[in-house]
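Knowing the structure of chain D, use the given hints to seat chain L on it.
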Amino acid sequence: MKNNIRIERAIINITQADLAEQIGVSRQTINTIESNKYVPSTVLALKIARIFNKPLEDIFILEDGD
Amino acid sequence: MKPQFLFAYWFRYLGWALVIVHIPIAMIGRMNGMINPLDNFPGNAGLFTGEHLFFMGTTLLMSLGLFFVAFASEKIEDEQIWHIRLDCLRGAIFINYLVLIISLVFVNDTAHILELNLWAPLIFFIIRFRWVIFRLNRSLTREK
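Chains as they are written, first to last, in numbering that gives the first Met the number 0: chain D, 0 to 65; chain L, 0 to 143.
Hints are computed from structural coordinates only; laboratory data are not their basis.
Computed from a prediction, not measured in an experiment: that's the story for all the values here.
It is possible that part of the hints are untrue.
Unchecked claim - Not the full set, but computed from the structure, chain L residues with beta-carbon under 7 Å of chain D:
#, residue
1, 78
2, 79
3, 135
4, 139
Positions of the beta carbon are idealized from the N, C-alpha and C atoms, including for glycine.
One chain only, chain D, in its complex shape:
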C-alpha cells in the first residue's frame, strides 16, 4: 500500500512533526508511513485522512500485490 501523505502535507504546508503532534504519534512513525515501511492501523489512517480533510482512499492507495 502506498500513500500520498508527503504530497498532502506539502499542500497544507505542515511538517512531519506537526502532523505527528496533531494525531498523537511520533515523528518516526509518520516518517516510516511516508516511506511505505509501516502500514498504519485503520484508526491511525482515518486520523491522518481527517487532518487532510479527504477520504481515506485519496490518501492511501492499494497496490496490485496487496
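Just chain L now, with coordinates in the frame of chain D:
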C-alpha cells in the same frame, strides 16, 4: 490501540540503576564468600540462609532492573512502537527457547541453564528493541 501494562518512562532509569547497583554488590558478596547456591547445586544449602538471602537479593535486583528497563514506556508510545515491542518480544522468546533447547542437549549443568533463562529473554528483548529504535531514529530524514 492503547498499550497497557507498561511502566512510566522514568522506570527505565530506575531499572538501569538497579542493574548497575547489582554488579558491585554481587562482586563484593562473592569476594566475601557469599557463593551462589546454584554453584553448589545439587547440594542443599538451605532456605533463608545468608547465602540464599544474598542470592535472592542480588537476583531480585537484577531481575527487577531488567524488567523495568524492558517494560518502561517510550516518551511517545504509539502503535508503531507497540508493534516493534511485540515483534522484539516474539524474537526474544524464540531465541531464548533456541538457546534453552541447545543447552539442554549439549550442556550438563541444569542449575546454570535455569539461571541463564532467568536473564536471557529480557536481555535479548532489550538489545533488539533498543537496536530497532536506534535504527528508526537514525533513519529519520532531516526534513523540516
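Q: Please flag the earlier hints that this structure goes against, numbers listed from lowest up.
A: none
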